[in-house]
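Chemist: Given these sequences and hints, build the entire structure.
2 protein chains.
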Amino acid sequence: MRFGRIATPDGMTFAVIEGDVADRNEMTAKAIVGTPFTEPEYTGKEYRLGDVKLLAPMLPSKVVAIGRNYADHVAEVFQKSADDLPPTLFIKPPTSVVGPDAAIKIPDFATRVEFEGELAVVIGRPCKNVKAEDWKSVVAGFTIVNDVSSRDLQFADGQWARAKGIDTFCPLGPWIETDVDAFELDDLPIKAHLTHEGVTTTKQDSNSNQMIMKMGEIIEFITASMTLLPGDVICTGSPAGTEAMVPGDSIAVEVPGIGTLENPVERA
Amino acid sequence: MRFGRIATPDGMTFAVIEGDVADRNEMTAKAIVGTPFTEPEYTGKEYRLGDVKLLAPMLPSKVVAIGRNYADHVAEVFQKSADDLPPTLFIKPPTSVVGPDAAIKIPDFATRVEFEGELAVVIGRPCKNVKAEDWKSVVAGFTIVNDVSSRDLQFADGQWARAKGIDTFCPLGPWIETDVDAFELDDLPIKAHLTHEGVTTTKQDSNSNQMIMKMGEIIEFITASMTLLPGDVICTGSPAGTEAMVPGDSIAVEVPGIGTLENPVERA
Numbered sequence: 001m002r003f004g005r006i007a008t009p010d011g012m013t014f015a016v017i018e019g020d021v022a023d024r025n026e027m028t029a030k031a032i033v034g035t036p037f038t039e040p041e042y043t044g045k046e047y048r049l050g051d052v053k054l055l056a057p058m059l060p061s062k063v064v065a066i067g068r069n070y071a072d073h074v075a076e077v078f079q080k081s082a083d084d085l086p087p088t089l090f091i092k093p094p095t096s097v098v099g100p101d102a103a104i105k106i107p108d109f110a111t112r113v114e115f116e117g118e119l120a121v122v123i124g125r126p127c128k129n130v131k132a133e134d135w136k137s138v139v140a141g142f143t144i145v146n147d148v149s150s151r152d153l154q155f156a157d158g159q160w161a162r163a164k165g166i167d168t169f170c171p172l173g174p175w176i177e178t179d180v181d182a183f184e185l186d187d188l189p190i191k192a193h194l195t196h197e198g199v200t201t202t203k204q205d206s207n208s209n210q211m212i213m214k215m216g217e218i219i220e221f222i223t224a225s226m227t228l229l230p231g232d233v234i235c236t237g238s239p240a241g242t243e244a245m246v247p248g249d250s251i252a253v254e255v256p257g258i259g260t261l262e263n264p265v266e267r268a
Numbered sequence: 001m002r003f004g005r006i007a008t009p010d011g012m013t014f015a016v017i018e019g020d021v022a023d024r025n026e027m028t029a030k031a032i033v034g035t036p037f038t039e040p041e042y043t044g045k046e047y048r049l050g051d052v053k054l055l056a057p058m059l060p061s062k063v064v065a066i067g068r069n070y071a072d073h074v075a076e077v078f079q080k081s082a083d084d085l086p087p088t089l090f091i092k093p094p095t096s097v098v099g100p101d102a103a104i105k106i107p108d109f110a111t112r113v114e115f116e117g118e119l120a121v122v123i124g125r126p127c128k129n130v131k132a133e134d135w136k137s138v139v140a141g142f143t144i145v146n147d148v149s150s151r152d153l154q155f156a157d158g159q160w161a162r163a164k165g166i167d168t169f170c171p172l173g174p175w176i177e178t179d180v181d182a183f184e185l186d187d188l189p190i191k192a193h194l195t196h197e198g199v200t201t202t203k204q205d206s207n208s209n210q211m212i213m214k215m216g217e218i219i220e221f222i223t224a225s226m227t228l229l230p231g232d233v234i235c236t237g238s239p240a241g242t243e244a245m246v247p248g249d250s251i252a253v254e255v256p257g258i259g260t261l262e263n264p265v266e267r268a
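Those protein sequence lines, which keep their order, are chains A and B. Oh and the first sequence: position 30 is 30 in the UniProt record's numbering, straight run, nothing missing. Oh and the second sequence: position 31 is 31 in the UniProt record's numbering, straight run, nothing missing.
Derived from the structure by calculation, the hints contain no laboratory data. Check before you lean on any hint, since a few could be wrong.
If chains are identical, the list can't say which one is meant, so a pair holds when it fits in one copy or spans any two.
Claimed, not checked - The calculated lysine-lysine pairs, modelled on BS3-like cross-linking and capped at a C-alpha distance of 30 Å, are:
no.	residue 1	residue 2
1	K128	K105
2	K105	K136
3	K136	K214
Remember, predicted model here, so these are calculated numbers, not experimental data.
Modeler: As structure tokens, this is what we get:
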């Protein structure tokens, strides 16, 4: 089941999204009472998705991200082996989150801003000290995240909070797919397509089977330190192929079984 | 005016705290309607502070911290000059926040956990792109933070999110002092007193005049990237004197004009 959050003439609401992902405007959004963390109770209101605005599917209390979780991305960014630079945690602030189709806004002091297409996890219940094998019991579903990163600030600051925490630098969506069992994490493609001057090129073309720290390990690792709350988002790391974006570009991150998260790029 | 948050037999509430800080149990907490961001509207209920539980004065949507903002602390932790390692931003998750007297709980994988006593700022209104000279217009008040840091994990991870983001690693309080004009940031003492095996020793004894990035610069720097929201907390950096704590210790951070934030240390 797909849960999204929509802005309608009747206000903002969570909704169950149904229909053919390939024809998004013709999909149906069925408004629900409350949140995606329980069986949906429908309000009876339905919208054509093309007639409403799809928002980030969740407003997380925190976005916890795994850095350096794909060896080829470690090599391209740090010119080092993943053995020397193992996965590490960082946090993106809630104010960096935007939804599908919302602009990534580049401030003038960020001179090299890159996309990072990633599989994202939405937490479904408060949890601490989760064992790796129990990870599905705390997950509400999967979505897509673009861990937008100002590479120049990332290296200048040492800490990544600013480079990855700028307003609009965490596009999230388009919705949460709750049927976690339908995903084969041993073989889930993750792609990013950059449109520059009207030409679209696939820049990231990887697979979740390249993740160094696997899903269960990630959730065990994070929850050994931090309580996760419903709606919290985990970014599982970016594969290689990240590149700079400039105003006028558009960046689409694609994960089969979820869909595509596309965002235009603008000057702030 | 001092705003705190208290747990009472009648529920949790914000309150105006009055009386002599030196005799905290005898202070009075006057419950208010709503939040500390407007003129207080009193409910009429009053409590002796010794009869209620003082909580963290705010549940921030984010805690943004300035690292390496005191040259002597840069030297003691990194063995480098602050010219080589300028101030940098990091984020502590909301789940790390605890109130006065709540235990700092050290997990077994954190082998060297240090206190960092700091002046903290509570934001009073949504803001972005604040000019340094306008900083007071967005601030609700000052409080105290202990930026508890697992020094071993900080160096092992490179990124500080885990080392400084563990549950209970952000003691905050005891309350928010809103009379910002009463503080002389050119000469505001910041101290930390560690009690170990019954003996109390002053370990940090510095002054906000040692801050490399000053208050206005900090708020201009952060809000150039991130929107700050009411209740968000800024940690302004720790001076030298940080040291390891062990279960059984107690750590008290003192800022004149605010008071003292004391927390016991326990094994998680």
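Chemist: Each hint needs a verdict: does it hold in this structure or not?
Modeler: Okay, the hints, checked on the actual structure:
no. : hint         : verdict
1   : K128 to K105 : between (35 Å within a copy, 14 Å between copies)
2   : K105 to K136 : between (34 Å within a copy, 27 Å between copies)
3   : K136 to K214 : within (13 Å within a copy, 46 Å between copies)
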